[in-house]
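Participant: Here is how the chains run, residue by residue.
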Amino acid sequence: MIRLQPRAMPSKLMGYLAPVIALCLTLLSGLILFALLGVPIGEAFHAFFIEPVSTLYGLSELGVKAAPLILIGVGLSIGFRAQVWNIGAEGQLILGGICGGAVALYFYEVEAWYVLPLMMLAGVIGGMLWAAIPALLKTRFNANEILTSLMLTYVAGLLLSFLVHGALRDPDGYNFPESRLFHDAALLPVIMEGTRLHIGAIVAVFVVVAGWVLLSRTMLGFALKVNGAAPRAGAYAGFGQKRLIWFSLLFTGGLAGLAGLFEVAGPIGQLLPTISPGYGFTAIIVAFLGRLHPVGVLFAGLVMALSYLGGESAQITLNLPVAVTGVFQGLLLFFLLATDVLINFKIVRNVRRQL
Amino acid sequence: MNETILLAILTIITAATPLVFAAIGELVVEKSGVLNLGVEGMMLVGAVSSFTAVHVTGSASLGVLAGMFAGVMLALIFAFLTLNLQSSQVATGLALTIFGIGVSALIGQPLIGVAYEGLPKVQIPVLSDIPVLGRLFFGHDILVYCSIALVIAVSWFLKRTRAGLILRAVGDSHDAAHALGYPVIRVRYLATLFGGGCAGLAGAYLSMAYAPMWVENMSAGRGWIALALVVFASWQPSRVLFGAYLFGGISILQLHAQASGTINIPSQLMSMLPYLATIIVLVLISRDQGRIRRNAPASIGKAFHPTT
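Chains A and B, in that order, give the protein sequences. Here the first sequence is numbered in our numbering, starting from 1 and rising by one per residue. Here the second sequence is numbered in our numbering, starting from 1001 and rising by one per residue.
Hints may contain errors.
Pulled a few chain B residues facing chain A out of the computed Cβ check, cut under 8 Å [unchecked claim]:
1. 1101
2. 1118
3. 1122
4. 1149
5. 1152
6. 1227
7. 1228
8. 1276
9. 1279
10. 1282
Anything over 10 Å on all C-beta distances counts as not near chain A; from chain B, calculated [claimed, not checked]:
11. 1005
12. 1091
13. 1102
14. 1266
15. 1305
In case anyone wonders, no lab produced these hints; they're calculated from the structure. These numbers come from a predicted model, not from an experiment. We put the beta carbon where it would ideally sit given N, CA and C, even for glycine.
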């Protein structure tokens, strides 16, 4: 029999190695899945992992998809460290898109420098406001933030649908549920000519650095870590639990809102009934895969972005359902959680000892 | 009684039944000290599996069994990760939901647009023919009766049996239960698998009786609402039944209001109601922290590793 023996100290090496092992296992089971679906493995592998990043445009698309994941992932990784389980980032993203988009439509055809900064501000505030609801309900009424933030995601989706069917609908759009196309001053500048890679990618890298500084170089970051690891020690040290809940939720909400604004002002360019393929949920995996560390989130965001691109490419070239992406993402998180056991435990063979 | 009111009540029953199944299953899981946030994922995989089985074999019972089996299989992954490999219950539950959404969408691809006539209704001679009352109490599908029987059975099991007492002991203090020689891990395994079967059954009811068809993501948050219902019920089975019918009522009444057109509120705003109601109910129950502390299993969500 094999059994688990607790380690005296968590293994640092395994902390780095576990995500790599998990990725390999996901790849392996992915290939088995393709075989089961009756798809030639070589072709599927190529379509999923090689083709999307074999061109410069493909690489730029990787950045487009990774930017929102990294933005939200950094926020979540800080919140999860403090054991604040905000899983409604998708809703906060949608609210950011709505608020930022509403500013763009209000200033329609105003070609001024201040339009875009105002949109970003509105996006951040929108996301923060939506995250403030679970924060208030948690700190004031002790209501579980997992359930409230998730319920608010459904509400946010319906709110967006309501607005693009009504108040924000394109007046010349033959009643299609979509807003006007944003004018030039309300669109994000593109970094690389001929691609959709926008300045959101640069902002994401900046947020990674800021998140790293916050966690490792500030008192607030220290308080967040202590409260997550040992809430009672945190309470004795006088780190107010409520303050940290508020901070975690508002920080993530603001970043998610910004990510939402970047989506509508970047790749999409208008408000549609759906503005995200589940970035807010995938960012949960990104945060865990990145070891709840901002720099890790950067790499994890790129990996998960590839899973989106791979899914799209496999859909086009092999006619595979796009849901394959979701399966991969779920598998990856399973394997990651399973291999994480190696950080705190050693696997040993049970040897019967003679007394 | 007015025909439309009677019809509304009948649809409330079908809307409430999946919530009853999912919530009563999760209640048992939580009573054993495990928090499985993967109800939504297990429901979806249960729904798609049962619909596939019915579509292929034509047998409703096989469909129901397939749904339950799928739920149990997903719960098995959760149990292995959290109970054997000590992974975080919150993270693993989320993974289960993400995985379940993906897998169900993948399996369900060829089922979109496939029709199914729905579960047969139980017809009892004479009784079902009584005006109004006959249709209200007799003449539902068999699973409606099963759901109510299940609540009674779980209530009896938890309060009146030795096994139920052990399960509650494991949920309240796994260390004490372990010291007394009770198999903590095995009890939690069984409870988690039971919860998975119930969630799968809830999914089967959605795709075979409530809808009846397969649509991607068709559970639409019901798994999460079921989790909230357990808190709402303060971990007491009879209140789960009440809560499920309350929520079934809210979701059906808003649908009827939308359809009748008497209330001039956009449909999207009406559709928010069940989610907003969930939040309000959670707030009302959770604000009384003493009540939560008295009723919630003390070891919920905590990992257990026998050190001896």
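Participant: Do the numbers back the hint for residue 1118 of chain B, that is, is its least Cβ distance to chain A under 8 Å?
Facilitator: Not OK, violated: residue 1118 of chain B not within 8 Å of chain A, min 26 Å.
Participant: Tell me if the interface restraint on residue 1227 of chain B is satisfied: Cβ within less than 8 Å of some Cβ in chain A.
Facilitator: Check passed: Cβ of residue 1227 of chain B comes within 6 Å of chain A, closer than 8 Å.
Participant: Using Cβ atoms only, decide whether residue 1101 of chain B comes closer than 8 Å to chain A, and label the hint accordingly.
Facilitator: 6 Å, holds
Participant: Going by Cβ atoms, does residue 1305 of chain B stay more than 10 Å from chain A at every point?
Facilitator: Non-interface label on residue 1305 of chain B violated, nearest chain A Cβ at 7 Å vs cutoff 10 Å.
Participant: Would the non-interface assignment of residue 1102 of chain B survive a Cβ cutoff of 10 Å against chain A?
Facilitator: 2 Å, violated
Participant: Using Cβ atoms only, decide whether residue 1282 of chain B comes closer than 8 Å to chain A, and label the hint accordingly.
Facilitator: Interface hint status for residue 1282 of chain B: holds (5 Å vs cutoff 8 Å).
Participant: How about residue 1228 of chain B: closest beta carbon in chain A under 8 Å, or not?
Facilitator: Holds, because the Cβ-Cβ distance from residue 1228 of chain B to chain A comes to roughly 5 Å (cut-off 8 Å).
Participant: Under 8 Å is the threshold here; is the Cβ of residue 1122 of chain B close enough to any Cβ of chain A for the hint to stand?
Facilitator: 34 Å, violated
Participant: Quick check on residue 1149 of chain B please, does its C-beta sit within 8 Å of some C-beta on chain A?
Facilitator: Since chain A brings no Cβ nearer than about 28 Å to residue 1149 of chain B, farther than 8 Å, the hint is violated.
Participant: When you look at the beta carbon of residue 1266 of chain B, is every beta carbon of chain A farther off than 10 Å?
Facilitator: Its Cβ does come within 10 Å of chain A, the nearest being 6 Å, so this is violated.
Participant: A cut-off of 10 Å on Cβ-Cβ distance, and residue 1091 of chain B was said to be off the interface with chain A. Does that hold?
Facilitator: 6 Å, violated
Participant: Interface hint check: residue 1152 of chain B, Cβ to nearest Cβ on chain A, cutoff 8 Å. Holds or violated?
Facilitator: 27 Å, violated
Violated hints, in rising order: 2, 3, 4, 5, 12, 13, 14, 15; the structure is consistent with all others.
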